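Colleague: Here's the letter readout for the chains.
Number of protein chains: 4
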Amino acid sequence: VKGGGAEVRLWGGRFHSGPAAELDRLNRSLPVDWRLWRQDLAVSQAWVEGLREAGVLGAEDAGVLASGLDEVGARLEQWTQEGWAAAGDEDIHTLVERLLAEEVGEVAGKLRTGRSRNDQVATDGRLWAMTAVGALEREIRGLQAALVDRAERYVGLVMPSYTHLQRAQPVLAGHWLLSHFWPLERDVERLGDARRRTAVLPLGSGAVAGCPFPVDRARLAGRLGFEGVSENSMDAVADRDWVAELLFVIALLGVHLSRLGEDLIVFASSEFGFVRLSDSFSTGSSLMPQKRNPDPLELARAKAGRLVGELAGFMGVLKGLPSGYNKDLQEDKTALFGAVDTLLVLIPAVTGAVGTLELDEARCEAAVDAGMMATDVADALVRSGMPFRKAHDEVGRVVRAAEAHGCSPAELPGVVLREASAAVAALPLAELLEARASVARRAGEGGTAPDAVAAQLRRAKARLDLRPPQQREEAHSR
Amino acid sequence: VKGGGAEVRLWGGRFHSGPAAELDRLNRSLPVDWRLWRQDLAVSQAWVEGLREAGVLGAEDAGVLASGLDEVGARLEQWTQEGWAAAGDEDIHTLVERLLAEEVGEVAGKLRTGRSRNDQVATDGRLWAMTAVGALEREIRGLQAALVDRAERYVGLVMPSYTHLQRAQPVLAGHWLLSHFWPLERDVERLGDARRRTAVLPLGSGAVAGCPFPVDRARLAGRLGFEGVSENSMDAVADRDWVAELLFVIALLGVHLSRLGEDLIVFASSEFGFVRLSDSFSTGSSLMPQKRNPDPLELARAKAGRLVGELAGFMGVLKGLPSGYNKDLQEDKTALFGAVDTLLVLIPAVTGAVGTLELDEARCEAAVDAGMMATDVADALVRSGMPFRKAHDEVGRVVRAAEAHGCSPAELPGVVLREASAAVAALPLAELLEARASVARRAGEGGTAPDAVAAQLRRAKARLDLRPPQQREEAHSR
Amino acid sequence: VKGGGAEVRLWGGRFHSGPAAELDRLNRSLPVDWRLWRQDLAVSQAWVEGLREAGVLGAEDAGVLASGLDEVGARLEQWTQEGWAAAGDEDIHTLVERLLAEEVGEVAGKLRTGRSRNDQVATDGRLWAMTAVGALEREIRGLQAALVDRAERYVGLVMPSYTHLQRAQPVLAGHWLLSHFWPLERDVERLGDARRRTAVLPLGSGAVAGCPFPVDRARLAGRLGFEGVSENSMDAVADRDWVAELLFVIALLGVHLSRLGEDLIVFASSEFGFVRLSDSFSTGSSLMPQKRNPDPLELARAKAGRLVGELAGFMGVLKGLPSGYNKDLQEDKTALFGAVDTLLVLIPAVTGAVGTLELDEARCEAAVDAGMMATDVADALVRSGMPFRKAHDEVGRVVRAAEAHGCSPAELPGVVLREASAAVAALPLAELLEARASVARRAGEGGTAPDAVAAQLRRAKARLDLRPPQQREEAHSR
Amino acid sequence: VKGGGAEVRLWGGRFHSGPAAELDRLNRSLPVDWRLWRQDLAVSQAWVEGLREAGVLGAEDAGVLASGLDEVGARLEQWTQEGWAAAGDEDIHTLVERLLAEEVGEVAGKLRTGRSRNDQVATDGRLWAMTAVGALEREIRGLQAALVDRAERYVGLVMPSYTHLQRAQPVLAGHWLLSHFWPLERDVERLGDARRRTAVLPLGSGAVAGCPFPVDRARLAGRLGFEGVSENSMDAVADRDWVAELLFVIALLGVHLSRLGEDLIVFASSEFGFVRLSDSFSTGSSLMPQKRNPDPLELARAKAGRLVGELAGFMGVLKGLPSGYNKDLQEDKTALFGAVDTLLVLIPAVTGAVGTLELDEARCEAAVDAGMMATDVADALVRSGMPFRKAHDEVGRVVRAAEAHGCSPAELPGVVLREASAAVAALPLAELLEARASVARRAGEGGTAPDAVAAQLRRAKARLDLRPPQQREEAHSR
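Chains as they are written, first to last, in my numbering: chain F, 1 to 478; chain V, 1 to 478; chain C, 1 to 478; chain W, 1 to 478.
Only chain F is shown next, with the shape it has when bound in the complex:
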């Protein structure tokens, strides 16, 4: 077995017996935390350098340890390539120390000087999370680009907008598509804020009370890409705010994907028929050959539920914990890895579905019925000085009459129309009930008029043209 050999524990000198198998099965975190090996090695390299600068480690020992860690890295890299199944060690720190000892002998034990697994695992985890934020941002940018692409393609198409899933007012399809761009933009912002708070170094906090060797923590931070150091060692080893915050940002992103998914599922139904998903991003049925199922979007909807549960579950883990490190905190990794993995699989599938969807232009336009311009009629009365509330009532009567006649308000016999509302009858109804004109009237910032949407599209594209997220984030936080 890869990674086999004698197992190591980092403790136990005092114990008469080793852990029971039942405890080991519960306690051993290597199957989860082996993914941190790159971070663990980077942190250890930085720590060796820090100990050397502090005069705690001689240059020779430091050199041996650094090369040894490189060797360990090469072995772990190879195991990873080979689809490594985790070894029997307790956790990644223990595994690395065992392998290091295999490379360099007893001097390996000097790596642990002044350091504890408590500050080490928090540092490894934050480093992993900082990378994960970058990966998530890239995926979000990809999805935003797909939305922008579709918005440009269908920018001028008129379709209904909905409130309460009832037809409300006509909008441009580009406006609708971009309405899913901005929530993602907020997610990117939130990820940046969360990353800033994650990039605070706990290393040098020891087990809980601080480090008794004069290692320069600010230099450590710089070396590892952190932006600051923790202020209090007890807080540093017990703080998992950064995990909770990332889980929240991820869950809210999941919610946004679920809302996009719901729109597409509904619009792809036969009854709406606005959206056609590509073959590559839908599935068939084992029993019903005619089906074209929007699976990736249903899974987007479902994953939002799970991600919210992950968030609530982890915050429940933190609730009521006493000071200092508690083993409960070990749950942070399963939660965070799971949530990030979920999105890194989910977003590309949603991006694919969005990027390849087609709109049925005829059905979209046909769905814009005259009743949706009722507000426009009321607004016209308002322009002539009638209070909106009264205008609303006038139009309401016309709509009721049209409903009773089973026709559009514009098709009402003149006498019926006049009886329902003389004021409405006096208006140029046909013109007012024209969908494109209605769209064009909503010309303010954020409105659905063509110029407003064009401006919105420019602003959206400007966001995608920015420097890489991390640079931007760093520039912003200065």
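Because the hints were derived from the structure by calculation, they are not lab data.
Model, not experiment: these values are computed from the prediction.
Certain hints may be false.
One-sided excerpt, in silico: chain V residues whose CB lies under 8 Å from chain C [to be verified]:
hint, residue
1, Val64
2, Ser67
3, Asp193
With beta-carbon atoms standing in for the labels, derived distance ranges [said to hold, decoys possible]:
hint, chain 1, residue 1, chain 2, residue 2, range
4, F, Glu71, W, Gly156, 43 to 49 Å
5, V, Gly355, W, Gly156, 54 to 60 Å
6, C, Ala455, V, Glu53, 20 to 26 Å
7, W, Arg75, C, Asp341, 29 to 35 Å
Think of the CB as a built atom: it goes at the ideal place given N, C-alpha and C, for glycine as much as any other residue.
With chain F's structure known, arrange chains V, C and W on it following the hints.
Modeller: Using the frame of chain F, we list chains V, C and W on its own:
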């Protein structure tokens, strides 16, 4: 690769292109649902038999399919032994159909007659859950037995009970230990109720509208160990109440373990010092050689948080789904498997920790201070006719005086005592402040008096002596 | 102010100063728990009787207390009628004791003999919950009756069923409506199980260690309508499983309402147009006169989210609590009252919306297109001996051809049809593609065929004809 | 009744019948949203001004409306003073429009021009939330000040720190207290970020498609204290990210309070005995006169659970909603108001408990036993060149020997000590086992040495000396 070979999908005749890699990565559930292979085969065997009885399948075809399924079972059994890494098929149903075709050729396609993955996966899942309930019950019984064992060993030891984590009244240690037995007993009851509702057969509901072949569903149910059949095909394929209910029962069990864990963590602190965990069920520190950490109990506390999140997350998945099968339901397996696995690893470790713990009798008894018998003093005043409320005030003044003098109420100078409360001064204080006597006075059912605890212990043991949970459950539900 | 006068606390003899205003504002639970006054009085009456039987209370004192409690009840009844704003007392127990003292003087203090607020509040709460279960059952029965009523009215109407919100197979509208009946039936079952576990008496457990007076707990239980007594006093005062279980049952009921709501919201859209809600159970828009918004159903969908959060939140409260009563448990009431109140307002509105909805028969039937009978065609091939999997492929090709021609499979030119699938071309396609025939073929138990639905309807109505839920529940639990 | 009179609905012209009582009871949000009246009036005043500037409203009408709104404000102010019970109107917008009509007649109807309740309620809510953030920051600052005050008072006291609730290493009490300061500091940061994202104006988005009148949204934003305007009208009326984000920040703050609470509850137990809460911030027992219960801290622990549930519940509400405004969003107010109210009651009580707590210096120092300096002994071996891992083993043997002898390592007979570890025996053990020296060795940034804690204290106080949070936040966001 085990399970390799050409991949199969159960749909796609109409599609111009296969699913994109991004969709496949999201959609493919085999890595999760391969665990259902035993259930999937059992369900398929029953279905073959049902189709044969209904005259839909000839005896010869049925025989070929039955033998073929046996062969598939043998192959999957072997792969499982060999630590099988899942194949590239979409899900377990697809894999089984592919393997069956490899065994018996085109006739394999007859297995799908009148059946859909929608009713099949619901049936597989329920069957798995019915087994899981049995496994959980066995583990709970083991933990209850460990509690009873410890309760018997320390039944007569007097220790403080707590409210608000403040010392309240003396109790027998056996009473305290059994207070963690009864919540588990309720969990067993709830598991039984949940199992009863799980044992309702969806098979024969087709994709959503029912089965067009005259398969006898009641016989199917009997053959597979179900207790009834679903009433409505649309409900049957969309119903995941049984998953939610099991997740709830599991999460509440987790909460019980967390409360037991918290008690033991606090009692194992140096300051309390009541409990000593065995070496086998505690761990050491990488930095502090003197530590004896209650890891399994901290993880019990933490897992409760996660399990509650799992429950909330899955109920969030179900919320707002429209009628019929939706792909969202696929999330049921990850949630349920994860929750069951968590407990099957967690309970044995908690059982081990409980079964090997020792109480420090001297420290337990020393912690019962005189102030804890204040209620007994008040009760004595009540017996002499004073309203409790007044008695409470009288004793309150004595406690305050004792606190001011830095001594126990019984050690107060007589004059001070009389000044604080003449009524209290008139009582046989020393006797009233004796802990064992206080314990003995609480003799009602459920109280901490020795006889009451002995009776409680007998009742607890009677629960453990019952027939196996499933038999009992079945007997009860008749 | 009603309820005014000097405030009372049930403790404080030892304290130099009263609670700070900041603590009082946080701690005082009367604004929440005043609703328990009927239960608190009933429990106190039973306790007086218990103390008297045990010889702890003389007949005269007992009589005075009993009459006094009656008087207190009369006062509280009147305040309640007058829309009482809660008094300044700490909690309902304190208020009742103060009012009792106003009625009967110092002897009021005897009521507290052997009892603690810890066992008292748990008893009050369980009693309240037992009543709440009855109220919820009545509301659910009402909603089920409305579903049955609509199912009968539209029992024969054919409409599409959906999976993945894609048209799947034709079903009877009665079948669809009843698919929402059975989840509610499971909710009623779960409520019954939860009630059984709630009806276990904690009274007589004292503060934590049991009661030092020989009160007969079994008689107390019988007097108050409980079905058993708690087994362990420490567990009894700390156990809130019954709250968690009720919150779960309520949340899952909420999920069922949300799924019913989603169906109706989607079906009431202009694009589906199957459902028309009555004016009385929809609302209009402040800006768009033509809107008919399904507000009660959107709120049903939303409340499910909140109720799941309530459940998760309260289980999070319980997680990690140490033995005995902890103040954290006070949160049980806000959670439970809120959840029950939500449903008692929500269900009637949903019932109203369901009971008054109309189906647009023409639109329902028009939505059943020929493609939905594809499975029937495949099934016909299966009946002639072709394996389903091959049949599925044959039909898939036909569907693809029809899609390319923009017509229904039955309308394909013969040559095209034969090219797509000779086997399908040989079938009586027009007959197979008839929706009613398709429905009629699904005749097994739980299927959508007219006879099967008629039987289902009979079974549903039989559930509604049962004796009142509580009687039934009691009979069942014997 | 205050607020009485004819009820108003803002819709209904088309409807044959009004809403059923059951719908009204569910739907009417005034009992919840009346709290928004100040915001609703401010938003309306700004809207009047915007309409006037846009030339939609004449100067005269604008003046009438502005004065009328002032009058309405005066009436609502008075009702609020008088402890107003809400009126029968549907919501706060409807109530305000009704009152305005009472003041100014039909012209009141002009207020609704170009505006919808959809953009209005989102604007009102954000404005309320911006104020709530300020209030929360003030409360957090108060709690931080109390922690700093206690940290200064007990800065030099030595006490144990804990990991796994096992004694770990000695720390200064000031260090422990400040470990609860920094999580709150992160909460303040997160509140600032959330506020920035809340301060984006939705007004001018109409019902969903934008505003058809040329109102200058940027000026509106400036007038109301917003920092930007929304980019897309469909997103603007449907976006409740700001609610979710605030609920998250609040829940995490709740988690921090729960951890502080847990520390104090444990440290206030008789067994730890480190902390004594003041009479003003503890409570007594109805049955046990000697109790001093840490109620506010238990409630802090409990509220964290509820707040996490509130967060999960509301995110569950958002999950899967389709585009545009849906009635589900109405739940945002109950959730947000409830969470903010909870903290505005909870934090002052926790602040009071912290600000008045006393540490028992003798007990704190007595709890630092020699075993806690084991790491210091190992570190000393490391300084002499021994790898830490070997040093850890050497010390482990000494600890085990001391445990077997029932004494501290320093008290071991020399021969036993030497047998356990010659290396340890060669060290100046007594000096190494001195707690203050151990503390002093952890001198790096964030460590527990006196100088490091003094520096930490200065940095903490600097945070409290900053300009008011809002100014700071604004400066930062430029």
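Colleague: Does each hint fit the structure? Answer for all of them.
Modeller: Now the hints, each set against the structure:
no., hint, result
1, Val64, "violated, 12 Å"
2, Ser67, "violated, 17 Å"
3, Asp193, "holds, 5 Å"
4, Glu71/F to Gly156/W: 43 to 49 Å, "holds, 47 Å"
5, Gly355/V to Gly156/W: 54 to 60 Å, "violated, 45 Å"
6, Ala455/C to Glu53/V: 20 to 26 Å, "holds, 21 Å"
7, Arg75/W to Asp341/C: 29 to 35 Å, "holds, 30 Å"
The earlier numbered hints that this structure contradicts are 1, 2, 5.
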